[in-house]
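**Student:** Here are the chains, one letter per residue:
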Amino acid sequence: MSEKKLHNRSFEVFGKSKFFASQLRIALRNCGYIDPENLDDYLNVRGFEALAKVLTGMKSEDVIAEIKKAGLRGRGGAGFGSGLKWELVAREKSDQKYVICNADEGDPGAFMDRSIIEGDPFTVLEGMAIAGYAVGSDKGIVYIRAEYPLAITRLEKAIDAARKANLLGNNILGSKFSFDIEIRLGAGAFVCGEETALMQSIEGHRGMPRPRPPYPSASGLFCKPTLINNVETWANVPVIIVEGSQWFASVGTEKSKGTKVFALAGKITNTGLVEVPMGTTLRHVIFDIGGGIPKGKNLKAVQTGGPSGGCIPVELIDTPIDYDSLAKVGSIMGSGGMIVIDEDSCMVNIAKYFLEFTQSESCGKCTPCREGTKRMLEILTRITEGQGKEGDIEKLERLGNTIKKASLCGLGQSAPNPVLSTIRYFRNEYEDHIKNKKCTAGACSKMIRFEINDKCIGCGACYETCKFDAIEMI
Amino acid sequence: MKTPLEILKEKKDAAEKHLKEQGYFSKKRVYVGMATCEIAAGSKEVMEEFENAKRSGLDIYLSQKGCAGRCHVEPTVEVIDPEKGSVLYTQVDPKKAKEIIQKHIIGGEPLAEGEK
Ligand SMILES: Cc1cc2nc3c(=O)[nH]c(=O)nc-3n(C[C@H](O)[C@H](O)[C@H](O)COP(=O)(O)O)c2cc1C
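Here the protein sequences come in this chain order: Y and E.
For the record, in the first sequence the residue sitting at position 440 is 440 according to our numbering, with numbers rising by one throughout.
Throughout, our numbering is defined as the position within the second sequence, counted from one, plus 474.
Just chain Y, same shape as in the assembly:
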């Protein structure tokens, strides 16, 4: 078989422009490089070689050992060690086990998982089948939101083609291993990305989380041992098997191995998907790959981790992107949203935007999240409307910390992050809003006042154009 490496192969086509030069493409290796609906194309880039290798000469423990040695951590948010998770499921004794791909992708502004499925659906199937072999499962399920029609179509076609080629189904590639994959559609609720809620939803119940333990590895879907990983996590698996855990572990930092895909958005010149080695600095992603801030504006902060993440101020722009460094500065890696904020944005307003999202997506099962996020939002709304009161900041902090500690699932446990991190780094903006009733960025529209100063010569231009007849001639 062709010995060309799997990763970075697409650069043969894309060349080394500034946007691509310092990227390293593992999960996105085939995106934009092959025809996603053509199995021949996937086979031609060493597709399914990892699965064949595993079935030919590796025991299930060997596969798990490889994933562990690679240091792969979940790309869906929490960054849990994937090898360990696989091992926990493999250890369970059960007549039925499930392997789930979490393609719910609920973070606003995130589209990494959609792009992987639309650009390279076979790699997700291959990753899942390898895990099926490793943990002893014959049934895979992709849970994907119904708002991704093209991704769903491509997945269906890929599953069909793989079945016809005996790459899924019974006795895959002539071996004793059987594995098939089904698709389940979600209705696009953010909370249904949370693993226990997701399984409830597949079972036909309302998507609400339940307390853990028991963890899905012991009792997941239909109370059977269940392995759940994110789309991007799956896309890494074939590369680890073919190129080896040693190579994979040589990329990244000590505790965060491999790469991470980010959806770069906001006030940035090159919006798009970038995949960089862990440990790359935020500065490098924003200024070198992203091309900096448009219109000559200054960078103010970066928001990572979507509605569960935090805002990192420009002073910390040299923070390396890895699970632990981001957590240290009060944010999270999350699933890979990266929103660039320039000097024209008001941090209070941004915190409010994210909290509005989590508050409306809160499922209502536990009180801290249901009531707490609502109260926090009320306070924030007051502040942005110029009605902030002394003590509001402290109240937000107290509420936020309580919600984090007392909520049932990750939604509530992380919902206060955007507020707490902006208070941590931009407290002065909150104070300005509350004490001086001023929004320096001019983003909180209810707080803006206009005054005509002494330079006015009475030319009448504003009188002529005012749409609201607010200028009177006396």
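I should point out that these hints are in silico values taken from the structure, not numbers from a laboratory.
Do not rely on the hints blindly, as some may be mistaken.
Said to hold, decoys possible - With a straight-line Cα cutoff of 27 Å, these simulated BS3-like cross-link-like pairs (lysine-lysine) come out:
#1 K558(E) <-> K16(Y)
#2 K18(Y) <-> K476(E)
#3 K437(Y) <-> K389(Y)
#4 K69(Y) <-> K53(Y)
#5 K18(Y) <-> K558(E)
To be verified - Each pair of labels, with its calculated beta carbon distance range:
#6 N526(E) <-> R449(Y): 53 to 61 Å
#7 R9(Y) <-> S500(E): 27 to 35 Å
#8 H284(Y) <-> E522(E): 33 to 41 Å
#9 K328(Y) <-> P556(E): 24 to 32 Å
#10 Q565(E) <-> S22(Y): 19 to 27 Å
#11 D567(E) <-> E390(Y): 52 to 60 Å
#12 K164(Y) <-> K558(E): 51 to 59 Å
#13 K558(E) <-> D318(Y): 37 to 45 Å
#14 D567(E) <-> H284(Y): 29 to 37 Å
Claimed, not checked - Stretches of chain E that chain Y covers, calculated by requiring three or more beta carbons in the stretch to come under 8 Å of a beta carbon on chain Y:
#15 479-486
#16 489-496
#17 513-521
#18 526-540
#19 543-552
Every value quoted in this text rests on a predicted model; they were computed, and no experiment measured them.
Here a beta-carbon is modelled for each residue, glycine too, at the ideal position from N, C-alpha and C.
Chain Y is already provided as a structure; the job is to place chain E with the ligand on it using the hints.
**Tutor:** Below, chain E with the ligand alone, put in the same frame as chain Y:
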């Protein structure tokens, strides 16, 4: 008995043969971005342009592709010449697609593109 790797090798060889028959390794290959984002930026019309040209006899290997991540310059099209390498086109509309067909694919002269 054949091992899974051997069976896969057969499948891979068959795939390669199949691609070869379609001119994958000999013709100019044209890839049009057809992910949700590319389609939203207007790539369906671009694809149609190439499809029509192919139907009227243009000898190319035409394929769709997923999103390479360059949202700011979509729709994107790549023309890969087996000998001369690849040229990346950005913000392609039907008019630009016609130019690519005329000047690059037929005329052999790639259009000038700035680095994006
Ligand atoms: C509110 C909430 C939403 C989540 N949404 C997603 C999601 O959209 N996609 C995803 O892969 N994981 C999501 N997660 C994380 C999952 O619960 C789970 O940790 C993940 O699917 C495990 O896969 P990984 O180990 O590969 O990251 C979410 C978690 C929470 C608390």
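**Student:** Holds or violated: 24 to 32 Å for the Cβ distance of K328(Y) and P556(E)?
**Tutor:** Hint violated: Cβ distance 50 Å, outside 24 to 32 Å.
**Student:** Range first: 53 to 61 Å. Now tell me if the beta carbons of N526(E) and R449(Y) are that far apart.
**Tutor:** holds, 58 Å
**Student:** Please count how many residues of the stretch 526-540 of chain E have a CB within 8 Å of a CB from chain Y and say whether that reaches 3.
**Tutor:** Held - the stretch 526-540 of chain E has 4 residues with a Cβ nearer than 8 Å to chain Y, which meets the minimum of three.
**Student:** With a cut-off of 27 Å on the C-alpha distance, tell me whether K558(E) and K16(Y) pass.
**Tutor:** holds, 16 Å
**Student:** Please count how many residues of the stretch 543-552 of chain E have a CB within 8 Å of a CB from chain Y and say whether that reaches 3.
**Tutor:** With 6 residues in contact (Cβ-Cβ under 8 Å with chain Y), the coverage given for the stretch 543-552 of chain E holds.
**Student:** Could you see if the CB distance from K558(E) to D318(Y) stays within 37 to 45 Å?
**Tutor:** Because 41 Å falls inside the window, the suggested range holds.
**Student:** Using the Cβ atoms, figure out if K164(Y) sits within 51 to 59 Å of K558(E).
**Tutor:** violated, 36 Å
**Student:** Does the Cβ distance between Q565(E) and S22(Y) fall inside 19 to 27 Å?
**Tutor:** holds, 23 Å
**Student:** Report holds or violated for chain Y covering the stretch 479-486 of chain E, Cβ cut-off 8 Å, minimum 3 residues.
**Tutor:** holds (count 6)
**Student:** Given the hint of 29 to 37 Å, is the C-beta distance from D567(E) to H284(Y) inside that range or not?
**Tutor:** holds, 33 Å
**Student:** Checking C-beta pairs, does the stretch 513-521 of chain E have three or more residues closer than 8 Å to chain Y?
**Tutor:** violated (count 1)
**Student:** Please verify whether K437(Y) and K389(Y) have alpha carbons no more than 27 Å apart.
**Tutor:** holds, 10 Å
When the structure is compared with the earlier hints, violations turn up for hints 2, 7, 9, 12 and 17 and for no others.
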